[in-house]
Structure formats: C-alpha cells, structure tokens
Amino acid sequence: AQSVSQHNHHVILSEAASLELGCNYSYGGTVNLFWYVQYPGQHLQLLLKYFSGDPLVKGIKGFEAEFIKSKFSFNLRKPSVQWSDTAEYFCAVNAAAGNKLTFGGGTRVLVKP
Amino acid sequence: EAQVTQNPRYLITVTGKKLTVTCSQNMNHEYMSWYRQDPGLGLRQIYYSMNVEVTDKGDVPEGYKVSRKEKRNFPLILESPSPNQTSLYFCASSFLRTDEKLFFGSGTQLSVL
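Chains A and B supply the protein sequences, listed in that same order. For the record, in the first sequence the residue sitting at position 52 is 45 according to this note's numbering, with numbers rising by one throughout. In this note's numbering, each number is its position in the second sequence, counted from 1, plus 2.
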C-alpha cells in the first residue's frame, strides 16, 4: 500500500523567506505526485503535479517541486514567500494506473507579514 | 461555472440519526471520491467511484455508504453516525482518474454529538 509522510506539521516564516516542505512516499512502483494547497476557509486546489519527464516541476504562484526517485521524495519549494501563502499544504501520491490518491498529513504554513 | 457542490456546509447531528451529505459536479466527470480531513491525518479516502454504478472502498470506509446512480451525483450516507465520524468531509471529482487534477467541493463540517 502506498503512504505519504510530511514531516513538518507547522512552519512559521517571515515574508521573503524561502520555503521548503518535505514529502516522502512509500511505494515501489511508478507514481504520480501532487501538491495541493488549502487556503483558510477554502477547498483544496492543485499547486503542481509530476507524472514523468523533468523531475523539477513548476506550478502556480511561484512554487516548484523536485522529484528525487532515489529518495522517494517530492519536496515543495518557493524562493520567497508572501503573506498570502499562508495555507495548509498537502502532498499526495497515486500509484500509476491505480485509482487511489493518498494524501499526507499536511503542513500548516504561517507567513508573518 | 465548473464546480463540485456539497451540501450542507455545516451539520450537527446526534448519534444514530441517519444522514446524507450530497455531492454534485457539473463537469461530466467520471471519477468521484469522498475524503475526510482530520487534524494531523490529512485527507483520508472513504469511497470512490470510477463511473455510474461502480464504487469501491478507500482507506476508511467503515460506517459509510455511497451510491452512484447518476454520473453527476455521489452522495455520502452515514446510516448510524457516531462521534468518531465528526470530521470535515470533502467530495472531489476528476475527468477520468486520480492521476488527473481533482476538483474539490467546499467541504462539509459534520459534528456528531
């Protein structure tokens, strides 16, 4: 069975700081990887996804993520955060050709103005 | 406007009183799914449906039922709710499969007393 771990539960940053959120998954086969974001009071939205090809994926709002197959990781990064990036971020994995999308426990990010 | 609509937004009920949370999508999506979100546990999949009359269990199906009689609707049924089902519930859909972008509803906050 696939599983996802997000090691940071809470992150507090100041504006303009760099952000990196860790995501590790366990599954031996080919996977599709996602980052979703949930802004306060809103539903989840897709930030970016990786299926194949270039392991460095660029998403919306200046976010990017790097797939490192040897480390089973898919960390999310943003070079300079803004107050509006305050949200909860979820990593998710789907075994290729599978029908289940498994989410990590989420990381709450608070960006102080 | 393309959307996933859940109702109600908030629901307070008592143990054992049957309830239904509705979910409807207007995008002609084939794949629909229900998740519950609990602090520190992220989103956990309850049930999913690949198409009309095709449903399958997710990771936490106990105590829940679903049906998919029409493509657009995917109600979640709690026959005899218990306090451990107090949670935030999200319905989601995608065109065909879980390796595609999921569109989420706004969520239903359920409290079982």
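Some hints here could point you the wrong way.
Pair ranges (Cβ atoms, derived) [unchecked claim]:
{"#": "1", "chain 1": "A", "residue 1": "-4", "chain 2": "B", "residue 2": "56", "range": "38 to 48 Å"}
{"#": "2", "chain 1": "A", "residue 1": "106", "chain 2": "B", "residue 2": "18", "range": "27 to 37 Å"}
{"#": "3", "chain 1": "A", "residue 1": "49", "chain 2": "B", "residue 2": "19", "range": "45 to 55 Å"}
{"#": "4", "chain 1": "A", "residue 1": "62", "chain 2": "B", "residue 2": "103", "range": "31 to 41 Å"}
{"#": "5", "chain 1": "B", "residue 1": "3", "chain 2": "A", "residue 2": "53", "range": "26 to 36 Å"}
{"#": "6", "chain 1": "B", "residue 1": "19", "chain 2": "A", "residue 2": "106", "range": "39 to 49 Å"}
{"#": "7", "chain 1": "A", "residue 1": "-4", "chain 2": "B", "residue 2": "15", "range": "27 to 37 Å"}
Hints were generated in silico from the structure; no laboratory data involved. The C-beta atom is built at its ideal place from N, Cα and C for all residues, glycine as well.
Here is what the structure says about each hint:
Checked against the given bound of 38 to 48 Å, the beta carbons of residue -4 of chain A and residue 56 of chain B, roughly 25 Å apart, lie outside it. Checked against the given bound of 27 to 37 Å, the beta carbons of residue 106 of chain A and residue 18 of chain B, roughly 47 Å apart, lie outside it. Taken as a hint, the range 45 to 55 Å holds for the pair residue 49 of chain A and residue 19 of chain B, whose Cβ atoms sit roughly 51 Å apart. Restraint check, residue 62 of chain A to residue 103 of chain B: a C-beta distance of roughly 23 Å breaks the suggested window 31 to 41 Å.
For the pair residue 3 of chain B and residue 53 of chain A, the beta carbons lie near 19 Å from each other, so the given range of 26 to 36 Å is not met. The given range of 39 to 49 Å is respected by residue 19 of chain B and residue 106 of chain A, whose C-beta atoms sit roughly 45 Å from each other. A beta carbon spacing of about 32 Å between residue -4 of chain A and residue 15 of chain B agrees with the range 27 to 37 Å that was offered as a hint.
Hints 1, 2, 4 and 5, counting from the list given before, are not met by this structure.
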